[in-house]
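Undergrad: Residues per chain, in single letters:
There are 2 protein chains.
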Amino acid sequence: MSRERARRRAHRANAGGTSPVLPLLANPYAPIEILSADQVEAIHEASLRILEDLGMDIWSDEALDILAAAGAEVDRPGRHVRLDRGLVTEAIAKAPAEFTLHARNPARNVRMGGNFINFGLVGGPAHATDLDRGRRPGTYADACDLIRLAQALDVLHIIGGAPVAPIDLPVATRHLDTAYAVITLTDRVWHASALGRQRVEDAVAMLAIARGLDREAVTESPGLVAVVNANSPLRYDGAMLDGAIAVVRAGQGLIVTPFTLAGAMSPVTIAGALAQQNAEALAGIALAQIVRPGAPVVYGGFTSNVDMKSGAPAFGTPEYAKAVLAGGQLARRYRLPYRSSNVNACNVVDAQAAYESEMSLWATVMGHCNYVLHAAGWLEGGLTASFEKMVVDAEMLRMMAAFLKPLEVSEETLAFDAMREVGPGGHFFGAAHTLARYETAFYSPLLSDWRNFETWEEAGAQTATMRANGIWKAMLAAYQPPPIDPGIDEALKDYVARRKREGGIGEAA
Amino acid sequence: MSRERARRRAHRANAGGTSPVLPLLANPYAPIEILSADQVEAIHEASLRILEDLGMDIWSDEALDILAAAGAEVDRPGRHVRLDRGLVTEAIAKAPAEFTLHARNPARNVRMGGNFINFGLVGGPAHATDLDRGRRPGTYADACDLIRLAQALDVLHIIGGAPVAPIDLPVATRHLDTAYAVITLTDRVWHASALGRQRVEDAVAMLAIARGLDREAVTESPGLVAVVNANSPLRYDGAMLDGAIAVVRAGQGLIVTPFTLAGAMSPVTIAGALAQQNAEALAGIALAQIVRPGAPVVYGGFTSNVDMKSGAPAFGTPEYAKAVLAGGQLARRYRLPYRSSNVNACNVVDAQAAYESEMSLWATVMGHCNYVLHAAGWLEGGLTASFEKMVVDAEMLRMMAAFLKPLEVSEETLAFDAMREVGPGGHFFGAAHTLARYETAFYSPLLSDWRNFETWEEAGAQTATMRANGIWKAMLAAYQPPPIDPGIDEALKDYVARRKREGGIGEAA
Chain A
70 MSRERARRRA HRANAGGTSP VLPLLANPYA PIEILSADQV EAIHEASLRI LEDLGMDIWS
130 DEALDILAAA GAEVDRPGRH VRLDRGLVTE AIAKAPAEFT LHARNPARNV RMGGNFINFG
190 LVGGPAHATD LDRGRRPGTY ADACDLIRLA QALDVLHIIG GAPVAPIDLP VATRHLDTAY
250 AVITLTDRVW HASALGRQRV EDAVAMLAIA RGLDREAVTE SPGLVAVVNA NSPLRYDGAM
310 LDGAIAVVRA GQGLIVTPFT LAGAMSPVTI AGALAQQNAE ALAGIALAQI VRPGAPVVYG
370 GFTSNVDMKS GAPAFGTPEY AKAVLAGGQL ARRYRLPYRS SNVNACNVVD AQAAYESEMS
430 LWATVMGHCN YVLHAAGWLE GGLTASFEKM VVDAEMLRMM AAFLKPLEVS EETLAFDAMR
490 EVGPGGHFFG AAHTLARYET AFYSPLLSDW RNFETWEEAG AQTATMRANG IWKAMLAAYQ
550 PPPIDPGIDE ALKDYVARRK REGGIGEAA
Chain B
70 MSRERARRRA HRANAGGTSP VLPLLANPYA PIEILSADQV EAIHEASLRI LEDLGMDIWS
130 DEALDILAAA GAEVDRPGRH VRLDRGLVTE AIAKAPAEFT LHARNPARNV RMGGNFINFG
190 LVGGPAHATD LDRGRRPGTY ADACDLIRLA QALDVLHIIG GAPVAPIDLP VATRHLDTAY
250 AVITLTDRVW HASALGRQRV EDAVAMLAIA RGLDREAVTE SPGLVAVVNA NSPLRYDGAM
310 LDGAIAVVRA GQGLIVTPFT LAGAMSPVTI AGALAQQNAE ALAGIALAQI VRPGAPVVYG
370 GFTSNVDMKS GAPAFGTPEY AKAVLAGGQL ARRYRLPYRS SNVNACNVVD AQAAYESEMS
430 LWATVMGHCN YVLHAAGWLE GGLTASFEKM VVDAEMLRMM AAFLKPLEVS EETLAFDAMR
490 EVGPGGHFFG AAHTLARYET AFYSPLLSDW RNFETWEEAG AQTATMRANG IWKAMLAAYQ
550 PPPIDPGIDE ALKDYVARRK REGGIGEAA
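One line per chain: the protein sequences are A and B, in this order. Position 391 (the first sequence) corresponds to 460 in the working numbering; numbering is contiguous. Position 263 (the second sequence) corresponds to 332 in the working numbering; numbering is contiguous.
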């Protein structure tokens, strides 16, 4: 489907009043700027000084070779690298400001950069939870159900590889199963695990099969992304970097995200945490651009703070919101797409989960984040994926999508004639102007209950979380997988079977 | 206490890490602008056309006299007025851009205008609710407890007259009881009811007693506000306008707030609803400025939408957020202080209540609202005041207050030496830089629970709403009224007793 047809389809979906989601969602508002231009420069300068004077531990031989060849000061026995500012700034300048990620359904392609916003499914939790079954270790069945929900909710542009870790599957081959699940249960752009080269190679091979392309064609048209995290402070682990290099060589999108929890893995001051975040992100992005100039990369921010009473990580805090906005300014300074997250530290889907998520979500949107990862389903600081939170988050995302639709001011919408028709003290329910527009005038909720108290009480007095439970079960019951060519499906199955016979990633797992 | 001392006190309070609230809370960020300059002008022009060509019903003889004398085209038998644009724009230009409201404790004075933000207690619901006693008609005891909580939570700058209607008290005199409660249980700026002249006169008399001033002095230093609502579309009721005129004559703050629910009391399009809101607000503000040029007034916005399936009002919607932002642009076009609200349409304190409130709250803050009314306690579209929602809202307001504290970027906060000290792979818990700052580095929550799942579960697995229940009860148990001069207290009691003997506002109630 062409982009134009996709737009028309989205317009028709909007016209129904139920789905405010566009395949391409763009932010019409100017970003909130929390830093002055001087402050942005001060953080930039501090991070270059960190890379020059303190340097980073780089625990990948291949990365050390690459950086040494590029002129970095490499201490091989110490696996430590100092990067001078010229090397860093020249390298990051080669990154594209914007790129397209290609889904197997072209109507689901996403643009990364500019003022586009893409929402992504939660990725990585060890536990799954819902009101019926409680909190338990994640399984492949849970992962598949969360992936199905992500497809059905129709507000998530990108699907994480595994919304919950399928711990019932062997570590050496579970990436094959989850890639197969994401490819066949959705038609979206998805995530590969960057933990080691082989997982990336498998993901890229399966991406090529899914899109009916050869390896070279897939390298030229990225269709997946992978996250590389710094092991903050100032360290990149070996498998992570090896995986990141493989992602870049394969032409796929690399998201470089330090995890700078202020007070623990970074300084207790937000400015210091941002300087460290920026240093670590620039180092990873520079490496990518040295490996393959012009490689599609995303500047990732994940600065939050700990609770200084207990050391527990906190998310969706005022400090988090500030760091998200500042991170956007840093990313824009380098003309790089920007990734952040919809987070909370709550143990249950309640008012706290919602207000912490909204603090995050508003900051990501108004910080002109291009990719909001963990946008739906994240609970408990990312330790748990929640089925009910999926629905609560989807409602918040749909509301945000509706909020981003520009307000139309025209002779018709100013409605002078309707006011004349109705007159003082009248009402607009029956006005011609209302009747022509009422079906599509307003956002129509997925979850919110606006019935009066008595009606709501008679119907069982359900909280939003209880209603969310009913909604996800109904959606799973009605779920239909997106169509896939049977030959492609067969080839994917063959690939997975062969690689399982070969032992997957083997002992290295 | 001087403003400077108040600032220092607030700084010390912040330094404790528990209260992020400043007596004067200011917004360091540029507002979100949803309308282009041309769109602002189009709405402005449309509203002037409404007032010129359609006019408004004005159901107050006194207001009709005043407007006729000022040159408006008055249809006396029809109680209808057309206002030409010259009259309107000249009158509103006389309003001050900023003014001070004086509390009986000068440390609690508030600035209305500029980039100051003030939060106000919920006002007006008919019902009270909490987890122990459920939903019931409001009483004076409930009103007093909510007022005590507002004082204790220390994040509300302004107290509504009655956070819940005390329906156990006679209508003719209950305004005297609530004014006495607000004056003695808090030390803040408060609301009078503008429903009829006599209620305003009583409030102003009690304000003068409370502050030890004569009537003239109180007229020159406003210490209360009152809201006048249009009976939208395009009508002002008699008692409301008579009360508004009394507020203005007494030199107190008048908040002019049309209630333009798109699709019901205003056009189904947000632009049309805004044009009507603007017309109604300008008419009320113009009347105030004709009565007393330079009178302190606030531009009120309350444009939301109905659920077009049921006709039920919806709050905290994407449309509401857009209208709040646009309303701020209109208020700033006229250099007027701006009032909006923290709203939701939820029947219970759950995730929906929180996400609808956050949609509202972010829009009020980023729309540079100067007065966020109903900032704490509002539930169920304003029909119910909730004790648990008071605490949930207070947490959201405190988080927002912390978010508004500027991010400090300096050599010290950039923390290069701390990163050198800790080095790659280390942690910052024990760093000197951390130890010097950890107590005050981050927002410290009132309600949010950041314990890990196991600890939280063992402690009873309480939701935020359940914890809020414990918090408000503990706060009420520990509540201490702010000191008041016994002579003033006696004089207030005498005034209330005398006015009760006189029958309060009498049969007119």
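Don't take each hint at face value.
In this list, chains with the same sequence are indistinguishable; a pair is considered to hold if it fits within one copy or across any two.
As the list claims (entries may be wrong) - Straight-line C-alpha distance at most 20 Å; calculated DMTMM-like pairs for lysine to aspartate or glutamate:
#, residue 1, residue 2
1, K378, D237
2, K474, E508
3, K163, D153
4, K569, E559
5, K474, D376
I should point out that these hints are in silico values taken from the structure, not numbers from a laboratory. Given the structure is predicted, the values throughout are model-derived calculations rather than measurements.
Undergrad: Determine for every hint whether it applies to the structure shown.
TA: Here is how each hint holds up against the structure:
1. In this homomeric assembly, K378 and D237 never come within 20 Å of each other (Cα to Cα): the closest approach is 36 Å inside a single copy and 46 Å across copies.
2. Only within a single protomer do K474 and E508 lie at most 20 Å apart by alpha-carbon distance; the minimum there is 17 Å, versus 42 Å between protomers.
3. Proximity of K163 and D153 under a CA criterion of 20 Å is satisfied intra-copy only: 16 Å inside one chain copy versus 60 Å between copies.
4. Taking the shortest Cα distances, K569 and E559 sit within 20 Å of each other inside one copy (15 Å), while across copies they are farther apart (87 Å).
5. In this homomeric assembly, K474 and D376 come within 20 Å of each other (Cα to Cα) only across copies, at 19 Å, whereas the closest approach inside a single copy is 37 Å.
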